[in-house]
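S.K.: As a plain string of letters, each chain reads:
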Amino acid sequence: MTTTATAPAPGFESPGVEDFQLPPVFGTVTKPVLELVLAAIIIVAFFLVAVRKPALVPGKTQFLGEAFHGIVRNSIARDMIGGREFLKYVPFLTALFAFILVNNLFGIIPIIQFPTFAHPGVPYALAGLVYVVFTYAGIRKHGFGGYIRLSTWPPDVPWWVRIILTPIEFLSNLILRPVTLSLRLFGNMFAGHLLLLLFTLGGEYMLFEAGDWQLKVLSPFAFLMAIVFTFFEAFVQVIQAYIFVMLTASYIGTVLADDH
Amino acid sequence: MEQERPHKASGGPGSPGNTPPPGEAWTALSHLLTGILLFGGIGWGVDELFDLRGFTVAGLLVGTAASMYLIYVRYVKS
Numbered sequence: 015m016t017t018t019a020t021a022p023a024p025g026f027e028s029p030g031v032e033d034f035q036l037p038p039v040f041g042t043v044t045k046p047v048l049e050l051v052l053a054a055i056i057i058v059a060f061f062l063v064a065v066r067k068p069a070l071v072p073g074k075t076q077f078l079g080e081a082f083h084g085i086v087r088n089s090i091a092r093d094m095i096g097g098r099e100f101l102k103y104v105p106f107l108t109a110l111f112a113f114i115l116v117n118n119l120f121g122i123i124p125i126i127q128f129p130t131f132a133h134p135g136v137p138y139a140l141a142g143l144v145y146v147v148f149t150y151a152g153i154r155k156h157g158f159g160g161y162i163r164l165s166t167w168p169p170d171v172p173w174w175v176r177i178i179l180t181p182i183e184f185l186s187n188l189i190l191r192p193v194t195l196s197l198r199l200f201g202n203m204f205a206g207h208l209l210l211l212l213f214t215l216g217g218e219y220m221l222f223e224a225g226d227w228q229l230k231v232l233s234p235f236a237f238l239m240a241i242v243f244t245f246f247e248a249f250v251q252v253i254q255a256y257i258f259v260m261l262t263a264s265y266i267g268t269v270l271a272d273d274h
Numbered sequence: 165m166e167q168e169r170p171h172k173a174s175g176g177p178g179s180p181g182n183t184p185p186p187g188e189a190w191t192a193l194s195h196l197l198t199g200i201l202l203f204g205g206i207g208w209g210v211d212e213l214f215d216l217r218g219f220t221v222a223g224l225l226v227g228t229a230a231s232m233y234l235i236y237v238r239y240v241k242s
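Protein chains in written order, with my numbering: chain A, 15 to 274; chain B, 165 to 242.
Watch out, some of these pointers could steer you wrong.
[As the list claims (entries may be wrong)] Below 20 Å or equal to it, Euclidean Cα-Cα: the simulated SDA-like pairs (lysine to any residue) are:
{"id": "1", "chain 1": "A", "residue 1": "155", "chain 2": "A", "residue 2": "241"}
{"id": "2", "chain 1": "B", "residue 1": "241", "chain 2": "A", "residue 2": "169"}
{"id": "3", "chain 1": "B", "residue 1": "241", "chain 2": "A", "residue 2": "173"}
{"id": "4", "chain 1": "B", "residue 1": "241", "chain 2": "A", "residue 2": "166"}
{"id": "5", "chain 1": "B", "residue 1": "241", "chain 2": "A", "residue 2": "155"}
[What the hints assert, rightly or not] With beta-carbon atoms standing in for the labels, derived distance ranges:
{"id": "6", "chain 1": "B", "residue 1": "216", "chain 2": "A", "residue 2": "197", "range": "28 to 38 Å"}
{"id": "7", "chain 1": "A", "residue 1": "55", "chain 2": "B", "residue 2": "216", "range": "15 to 25 Å"}
{"id": "8", "chain 1": "B", "residue 1": "189", "chain 2": "A", "residue 2": "249", "range": "15 to 25 Å"}
Derived from the structure by calculation, the hints contain no laboratory data. No residue lacks a Cβ here, since even glycine has one placed at the ideal position from N, Cα and C.
For reference, chain A alone in the conformation it holds in the complex (with noise of 0.2 Å):
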């Protein structure tokens, strides 16, 4: 083989960050934004048209509705929450679900094609919208000190061990749980957007730029990778919903937990 197929080809530039920092559409108005308005329009209207006519027996799109309902309200709210009280979380648990899921999926939906959460942004924004309710949840179950108290207080330990480990939770559950939250979204959307984004414009460069006929031989493989990731990135980006949404569900249950 020859050093100039096994040597990174001149010329080709590997996607990066700068391939997230997209130009305005219109004004400040960037693709991101259009996107989140898109979702929100979409999920309202699937949501409109799945309850306009409720049937006993239904049709496809309210069944599809119920069947999503059903997902958020028994398999995260009720096992995460409980109690009497996890009713009352489940519209916006759902809601928060639809909303990630569908701008996931934008990421892989021809033409769209970025996922809305690969700006780091707006998970950051949906993060702190999950930590006032959680928070606000706990004030007002315990009162401002018990929710400090339940939070930071590890129950049944000498004074001296609460010195160390009071800020361990402190920190963990009051401040980084947001953070987390975000970061798992973003890095895992980013990521993934980086990697189709890769493997697209390698390939489209073996074929169409490189001048060696051995990297337009060897292009469909690049294409064929593009086309497997896609799938599996619509693995992650349903998982990377369900998880934001679990967890969001989780946090709630502990600030509403009982002190025992």
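Use these hints to put chain B onto chain A, whose structure you have.
M.R.: Coordinates of chain B only, in the frame set by chain A:
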């Protein structure tokens, strides 16, 4: 028993067995990393400030032990 107290959130009525909900696993991991980074960071700060050695390692070890004990207190003992 019909008159059970409102259960603790971890382990709701939907999870009858002893399987801990996945949320707890994430929280435990978060505690572990926080402890290591917090006390490792404090140790590193002491080392840097006073031009010493060894406090970073000591802090990392204390942080690991403290996190593990915290997870034990929170999820195993109770």
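S.K.: Which numbered hints turn out to be false for this structure?
M.R.: Hint check: 1, 5, 7 fail, others pass.
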